[in-house]
Every structure is written in structure tokens, then in C-alpha cells.
Amino acid sequence: MGVSSGQTAAFLVLSLLAISGAFYTAFANKLFHSVLALLLTLGSIAGLYFMMGAEFLGVLQILLYMGGVVVLFVFGIMLTPARDEDRLPPMVKWHMVAIIGVGLLTTFLVFIFYYYTGQFWHEIRITPRITYDKMFQDISALLTDKFLVPFEVLSVAILVALIGALYVARKRE
Amino acid sequence: MSRARGSNVVLSVLLIVSTLIFGLGILAVVTRRNAIGMLLGIELMLNSVNLNLVIFGRFSERIADPLEGQVYALFIMALAVAEAAVGLALILALVRKFGSVDADAAGTLKG
Amino acid sequence: MNSPLAVPLLLIPLLPLVNFIILIFWGKAAPRSLAILSTACLAAATGIAGYLFLTIPDGPPTTAMSADWFFVDKQFFFQFGIMIDGLAATMALIVTFVSLMVHIYSFGYMEKHEHFGRFFAFLALFTSSMLLLVFSSNLLTMFVAWEGVGLCSYFLIGFYFEKPSAAAAGKKAFITTKLGDLGFITAILILLTIGAQTQTFAQILDFESLKTMLAPRNAAYPLLKDWSFIVGLLLFFAAIGKSAQFPLHVWLPDAMEGPSPVSALIHAATMVVAGVYLVARMFFLFGQDPNLALIITLVGVFTAFMAATIALKSYDLKRVLAYSTISQIGYMMAALGLGSAVASMFHVGTHAFFKALLFLAAGSIFHAYHSLEIRRIRRVAKFMRTTSITFAVGALALAGFPYITAGFFSKEAVLSAAYEKFPWAFWVLALTAGLTAFYMFRLIFLTFFNYPVQSVPKRSSGDDNADENHEPHESSSAMTMPLVILAILSVAAGYFGWLLPVRIGGEIPHGGTNVLLTSIAFAIGGILLAWAIYSARIVKAEAMVENMPTIARFLENKWYWDEIYDATVGRLFRAVTWLVAQFDWYIVDDLYHLFGRLSVRAGMSFRQMHSGSVQIYLLTIAIALLILIFMYNITRFS
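Residue numbers (this note's numbering), protein chains in the order written: chain Z, 1 to 173; chain A, 1001 to 1111; chain U, 2001 to 2638.
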């Protein structure tokens, strides 16, 4: 198979990173590793956003999710007696099962792919055909025009969440 | 079934990716005993939803402006962050009451 | 199709029926007054029956009433019909009269019983059913009444229901006769099938129509003629059950658990002759087929002989009378088989009177001595004058004492019919007559005087629980009056025998001097033999028993019929019920336990949905979402 464009390669890499990150988030034994894996996933998704022309959102993803939520989680882990769990038994048998399972799943997916498209390979082009040169302005226009009400409600909701979180987590005398 | 067209294939593949992330998020929530682990799963799910929205914003023919998908995802992102904050606050309160982060420890409902 | 006779005719069975309903509901409140009312109504019914007997025109029956009862499939109609003819009128008069005597007697016999009202209620219901049976114009109505009398018999036999032996006897009677009833119903079903096929459905069960259809010169109903043997056999089987003939005779001796008035009414005079009546009604069918007639004769003769031999060695007063009844009904059946309905009905009538008399007198003795064990009862002649005299008259009638008793005339008629047709039947029946005389006078000599007995048994099951120290005395007039009346009739009824051929048709057979002399010889011979053994002690009874121990034991155990039935039919039934019980316990019960367990399991699994675990909730939501998506898109996966 010949690589026809870098887009396909980039897309593949980013997707695989995202999926394996998600997998590891779910099944890591140590909690901190899960958080780091989540970080990886979030980053990959941000990459995908950039590829699809949603740069604004990609930036927000990095700032808010990777810089905010993940930090929150780290704080949470440090402040609570969170223990690590045994997610998957570290037996050789299970690794074999996992590998065989993944192999089967991949074969199955490839087969489905072939059945529906008639080929094993397909070019993936996800970059937008139009360029956004006034992205910020357009988004602002949307926020204040079409999506004004949700925007205001969102600010109220964030305020409520803020107060609520403070109240719930306050120190008891 | 008819042979898929080019853009359909790309769309399908992207959607498969986001679905996988969503499924893994559910798995994380359902199988983890740790409350913080469950929140991680929830974040995964929300992210996959955002991805979905952006995908449809990019590929859909009905929506005039792909930016609308982004704005929608923006709202969700904001709420997700807020929810993560509140969730962690709740976990702190839980820890104070039940002494542990295990989801099973907080079970006073008989049944 | 109503005739002017309908009203008086209907009144006869209706009066007792109404009395039954009154007594059942209000019997506890005023038992004596209501019982008097019931008896008065019965007297009125007897009067009507007597009037009808005297005025009914001879010849074919008049259908008094015929009503459409129910139908099947909108085309097959079933009729309910009553009619009257000479035969029915005769029978009705006998039934009402004996019932009246029993009613009067019961005032004295059941006086202290707490269920006085219930007793009279059932007596009334029985009388009503029996009269309906007599007046039925088709097989279906008769079957309904047939079952009705069977039911009343069950109620009355098991009247002392607290006594387990009485309850068991009631069951035994009901089940044994029910076996015969199977024959009845099968016969009806066969007839209905034939009727449906030959478009004669409406008349196939009617007696008169059957008579015309089966007439010898009528060639229009070949299918019916082909089946008439089977139908007749089945109906005869039903008659065997109801009339306690071999092989279904086993219930009648046990039925003596019931009160003596019940035995007198039901098991001597009326219900047990229902079978004879059925055969007489269908005489056109039985008389035509020589095979059927032979079967009937054989059964009757054998039963008569067998029962008489068992009576020889019975030690219970009422049981001797019960076996005697079985034996005498054998005579009646044999008479029918031998072709003379008149002789049979003559014997039915005389037997009704003297057998009822004997049972009522036995009840009187039981009332005084509180026991029916022959070896315990002593000196009845000394303590109870009226009872002993009337009992003796009844015994003479049963034995057929020449010329002064009614039994002599009717028995002679039966013997004559046998002499004309089958000599072997004649000799067996004559010998049985001798045995009859013998065992009756054995009874008399043992109980009326002071015959010393070697082994007096301890209390037997038939004994009353009252204290036995007080001296026996004669019974009240309510009890003795019917005895006297019936005794008079036992003598007089023979002279009115000429009425019967006029009413029923046919002639009283007379076999000539041979028959006359033979019957006289056997009757007197039997009495003399009993006197020789039991009174004068010329031959010792104990010595005879010692010399023939096997026969003695065989007779004493009633020819072992109960044991045989238990070992064969009883065992088969128990095996079948065991099988069914296994099926019930292990399959049906387990199946329904299974449903219970399934519900519990399902509940337990559903319970997990409410366990309070957030994760379970989320999983459930996810699964539900998947299912919804699948269902939403299912049309695309084609």
C-alpha cells in the first residue's frame, strides 16, 4: 500500500494514539497512569481538531482540558486516599487472550471494511476545503447572535457550578 | 449493500474512532471501582461527543456553517470542565463522609 | 304435547320434591311439623297414584308431558318427558305406598335423632326421584332420575356420616352403581349416534318410538336392529348395578349401615327394583333377542342362588335380609329373562310389601336390642309381640308359604315361567326357594326364642352404643302401625294379582300341578329343616359346620367377592392412581414450582437494577441506548 498523502498517515497516527490512550485510561492499574493516558488522548483529539479546521476548538481543548481538567484530576488524586486497583490480572494467560482478541477484532474490522468499500485502503482527507481567515470573528458573531441564549445560560451554569463546588468541598467545623 | 462512496468512508472511519473512544469511556466508568477513575471515563465520553460534533460540522451538507459544530462543542467543553470541578468537590465530600474513594463504600442503599 | 293427565301426574313426583326443598332449608326450625306436612303430601300422592292405577286406560302409554329440554348444535333436541301406563301406575302405587309406610315408621324410629329434618328431606327427595324414574317417557329423563335415586341412596346410606363404616358404605354403593351407570350412558350415546345418522334423533331415546322402531316386522331401521344387542347388554349392565345383581352386588350388604327405614324403602322395595323396571320398560328389546334373554336369566338365577347361600351363614340380621333381597331380585330378573313381565312385576309388588315389612321389623328389633347380631338377640317373641308376629308373617311370605301369603303366588308365577322355558332354571330357583325358607326361619328360631349359642361374639360394628342392660320392649305405635298394615298386605296382595295382567298386559303364568307341588314342597321343607336344626336341635348346626369347614368359610366370607374385587380391580385402580399421582407430583407440581422459582430469579435479577450502584445504572443506560439505536436503524439492515 502506498501512502498517498500525509493526511492519511497523520490521521492514522492520531486516531491510534487517541484510542490506545482511551484504552489505557480505562484499564490501567495505577490511577496516575490513567490520568496520563487521558492526557495523551486529549492531545490526540486536539490534533484531530486541528486537522479538521477547528483550530479554535483545538486550542481550547489544550487549554481547558489538558491544562485544566487533567490538573484537577491530579489534585484530586493527591488530596484523596485514592488507591490503585488491579485492573487486569498480570498473568501471561491474559496477555495471550488480549493479543488474540485484538487480532480477531482487527481481522473482523478489516473484513467489514473490505466488504463495504471493496478495497483495503482508502485515502483519508479531512482537512477543510475552505479556509477560515476570520474564525474568531465568526465564532463571536455566532455566540452573540444565534447562540446568545445558550451562551448566557452557560455562564449562569458555570457560576452555579463554581459556587456549588465551593460549598460542597468546604471545610467543616 | 451498495458500495460506499468516498466521503462516506472517511466519515464512517472517523465515527468509528469516536465511537470506540465513547465505548472505552463507558467501560472505564462501569468497571472502575475508584470514583476518580469513573470521572476519567466520563471525560472520555464527553470528548468523544465533542469529536462527533466537529466531525459532523465538517462533513454534513445540511449545516451551512461548519463553525456551528465548533460552537456547540465549545458549550459542551465548558460544561465538562465545570462538571469535573463539581465532581471532584463531591468526591472530596464523599471521602470526608465515608473515608474512602471506593464507589462501593458509599452504598447505604439496601438492595 | 300435554294431556289432561299431566297435572295429577306431575303432582305425584312434584309434591315430594317441594317437600324436600322445604325440609332442606327450614328443616332445622320445625322438624316435626314439616315432617308431618311431608307425610301428608305423600299420602295425597299415594291417593292420586291409587286413583290413576284404577282409572288408567289399558294399552299404550299416554304421554302426559313432553318438553324441549336442551339442544346441541341448534339441531339436536333433547326431550324431557313423562308418561303413564299400567306398568308405571303399578310401580308408582307401590313406591308411594311403601314410602308412606316408611315415613310413618320414621316418626318413631328417628324420633330422637338430631337430624330428623334432614332425614325426611332426603326421603322426600328420593321418593320424588324414584317417581320421576317410573314416569319417564324416554331414556334421558330416566337417566336423570336414575342418578337422582343413586345420589339419594348415597345420602341415606351414609346418613350416620360420623361413622366411618357408614360413609365408606355410601361411597361403595355410589361407585359400584356408577359403574353400571357407565353402561347406561354408553347405551344412550350409541343410540344418539344411530339417531343422528338415521335422522331419527328426536325419537331415538323415547320408549314408545323405540318400541315401534324395534318391532319385528319393521324393517326400516336396520342400523338400530344391529346395535340393539349391545345397547340392551349395556342397559342390562346398568340394571345389574342398580339392582345389586352379580357381579355388582357387593354394595347392597354394606348399604345396611343406613337406618332401617332407608333399607326398607330403598334397598328392598324401590330403588333396587329400578333395574328390573328398566328391563321391563325395554322389554320389547330384551324379549326379542334370545341371547339377551338368556343372559338375563343366567344372571338372575345365579344371583338368586349365590345370595341365598350367603344368607345361610350370615350372623347380622339386616345382612341376611340384604342377601335375601339380592336373591329375590334375581327371581325378578330371571322372570323377565324367561319372558314374563307380569310374573316379574307381580313379584316386585309382593316383595316390596313383605321385604319392607321385614326391614322395618328388623329396625324395630334394633331399636329395642341395640344390636343386630343374631347370636345376641334373644326372646324377641316374648318381649315384642307385634314385631315378632309381623316379622313372622313377612318371613312366611318370603318363604312362600302356600296359599295364605302373597309371596307364594308371585313365586309360583316366576317358577311357572321358568318351568315352561328352561327346566334347569326351574330347579335352581326351586332349590333357592327352599334355601330362602330355611334361612328365614333360621333367623326366627335363633332370635325369637331362647336358642343357646356357643360363641357369642363381642360387640360387632353394627351395634349401637347404648347400654344394653335395660330390658327390650315393644316399639312405639308409629313404628308398629306400618308393620301391621304391611303384614296385612303381605297376605292380601296375592289375591289382587289378577289386576296386573289387566294393567300390564300378558298373563300370569301357571305351570300346572308339578310346579305347584314342587314349590309347596320346597317351602315347607325349608321351614321344617330350620325347625329341626335350630329349634328342636335334632341335627346340630355346629356339627354340620365342623363337617364342612371349607364350605362354611366360603359362605361366611360372602364367596370372597369383595376380596377378589379388591385384588383385581382395586389393585389396577390403585396402580393407575399411583401413576397419575406421580405425574401430578413430579411433573405438574414441579412445573408450577418452576414458575415460582423463575419469578423469584427474575425478581432477583431485576433487583440489581435498583442496587444503588451508579455503575450498574450507567451500564443499563448504555445498553438501553444501544438497543434503541439498533431498533431505530433496523430497517436499514436489509
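Please note: incorrect hints may appear among the correct ones.
[Claimed, not checked] Straight-line alpha carbon distances no greater than 27 angstroms define the calculated DSSO-like cross-link-like pairs of lysine-lysine that follow:
#1 A:K1097 to Z:K171
#2 Z:K146 to Z:K134
#3 U:K2313 to U:K2112
#4 A:K1097 to Z:K30
#5 U:K2178 to U:K2163
#6 U:K2028 to U:K2163
Hint data in this document are derived by calculation from the structure and do not stem from the laboratory.
Outcome of the hint check:
1. With a C-alpha separation of about 12 angstroms, the suggested pairing of A:K1097 with Z:K171 holds against the 27 angstroms cut-off.
2. For the proposed pair Z:K146 and Z:K134, the alpha carbon gap of about 17 angstroms is at most 27 angstroms, so the pair holds.
3. For the suggested pair U:K2313 and U:K2112, the alpha carbons sit about 33 angstroms apart, so the restraint of at most 27 angstroms is broken.
4. Under the criterion of a C-alpha separation no larger than 27 angstroms, the hint pairing A:K1097 with Z:K30 is consistent with the structure, at around 24 angstroms.
5. Between U:K2178 and U:K2163 the alpha-carbon distance is near 23 angstroms, which keeps this suggested pair within the 27 angstroms criterion.
6. Only pairs whose Cα atoms come within 27 angstroms are accepted, and U:K2028 paired with U:K2163 is accepted, the gap being roughly 22 angstroms.
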